[in-house]
Amino acid sequence: MLDIKFLRENPEVVKENIKKKFQEQKLGLVDEVIELDEKIRELKSAGDTLRQERNATSDEIGALFREKKVDEANCKKQRVVEINNQLEGIEKEESELSETLKSKMMVIPNIIDDSVPIGKDDSENVEVEKFGEAVVPSFEIPYHADIMANLSGIDKDSAGRTSGNGFYYLMGDVARVHSAMLSYARDFMINKGFTYAIPPFMIRSDVVAGVMSFEEMEAMMYKIEGEDLFLIGTSEHSMIGKFKGQIVNRKELPICLTSYSPCFRKEVGSHGIEERGVYRVHQFEKQEMVVLCNPEDSMDWYNKMWQYTVEFFRSLDIPVRTLECCSGDLADLKVKSCDVEAWSPRQKKYFEVGSCSTLGDAQARRLGIRAKGENGNYLVHTLNNTVLATPRGLIAFLENNVQEDGSVNIPKALQPYMGGQTKISAK
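The C-terminal residue of the sequence shown carries number 427 in this note's numbering, and the numbering is unbroken.
These are calculated hints, taken from the structure and not from any lab test.
Predicted model only: the values in this text are computed from it and were never measured.
One should not assume that every hint holds.
[As the list claims (entries may be wrong)] Simulated pairs of lysine to aspartate or glutamate, DMTMM-like, Cα-Cα distance not exceeding 20 Å:
| # | residue 1 | residue 2 |
| --- | --- | --- |
| 1 | K348 | E127 |
| 2 | K102 | E42 |
| 3 | K20 | E324 |
| 4 | K44 | E91 |
| 5 | K427 | D405 |
| 6 | K412 | D187 |
| 7 | K5 | E16 |
Let the sequences and hints guide you as you build the complete structure.
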């Protein structure tokens, strides 16, 4: 959410930013917000004037009573009653208009960074850099579900009976690799100086509204019936929510956290969930990184964070590339974002395994997260990035490490988490 003062003073900048995001239907909101803001400030001014009059009149009443001028004092008291009635109406109208203004401000997109490429959707995202050689082996790479099945590692039929489409059982060595990757991702980030956390897996609606747009919430999140709780779609939600309404000391910044959680997503608009594979599912597990920092440091942290994900996947012998998200592909709260994509030797193309974003002070403004500095309090900047989301990361691992005989090599980095195994094979 933007600062109302910034919007008031820079309406054309805000409108131009909306155009860059190809959301022309929101242009009228800027003028509506400015008009509402002016009415609210007029009401505040009128209220302040009445309160001053009430205070002065109250002082006069006290003096009149002391002077035994009871009738005159009672007349003044009637004026205080009138003022209170007027204030009640003003405060009610101000509160209603403020809620309307806030609801409109919540859907006006954040100002994107000047470096963001302009484009309508993800088809216009821009490749930045490749890391590792994208090899296509001499033998045909099986579909990832077939690699798993050959290792007796997946059971979607049973999951269909217990839970429906979009769920899965991982079994045996495949399940162990899955857990090993998450454990390695955890330690990888701890070794980078991040503090490990396991957050709540459900959050309240006020936290949801603070970390994402309403459209994202509707498309992603499962609500717990009868309670003000949602299942998280990523641990970033509850990790940022941890600081809701808090004032942190500037000396504590940056706060660098890496969190594990299961994630739950409705996947609305995905046109069906894969029948055989586990690329797009309703439930997965994730190791995330979250940073709260000073505004002047946020872009440096953004670049560090996506590089950590690249380093992680390269340590598992997985070629990756970075893709700069264009303006039309950015969620409304984001200032800048890039995807890390892994090479698929079966499809002979890259696919997304992680996303890194800086959101400026948008989440902090919504949730009231501030730092205490020498010259007063200020909003922090928040960033998030995927270390590993699996089974999607597992797919990349299997495709890039499978051998012609169906076995899968275990890279050195992962071997300590696999009991020293260097390979897994069909039993």
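Quiz item: Are the Cα positions of K20 and E324 separated by 20 Å at most?
Solution: Between K20 and E324 the Cα gap is close to 15 Å, so the pair holds against 20 Å.
Quiz prompt | K412 paired with D187 [C-alpha distance capped at 20 Å] | solution = Holds, because 15 Å separates the two Cα atoms, which is no more than 20 Å.
Quiz item: Under the criterion that the straight-line Cα-Cα distance not exceed 20 Å, is the pair K102, E42 satisfied?
Solution: With a Cα-Cα distance of about 17 Å, the restraint between K102 and E42 holds, given a limit of 20 Å.
Quiz prompt | 20 Å Cα cutoff - pair K44, E91 | solution = Answer holds: K44 to E91 is near 8 Å, not above 20 Å.
Quiz prompt | Holds or violated: K348 to E127, with C-alpha atoms at most 20 Å apart | solution = Measuring from Cα to Cα gives roughly 16 Å; hence the hint holds.
Self-check item: Pairwise hint evaluation, D405 against K427, where the allowed Cα distance is 20 Å at most
Solution: Answer holds: K427 to D405 is near 13 Å, not above 20 Å.
Exercise. Would you mind confirming whether the straight-line C-alpha gap from K5 to E16 stays at or under 20 Å?
Key: 17 Å, holds
The structure agrees with every numbered hint stated previously.
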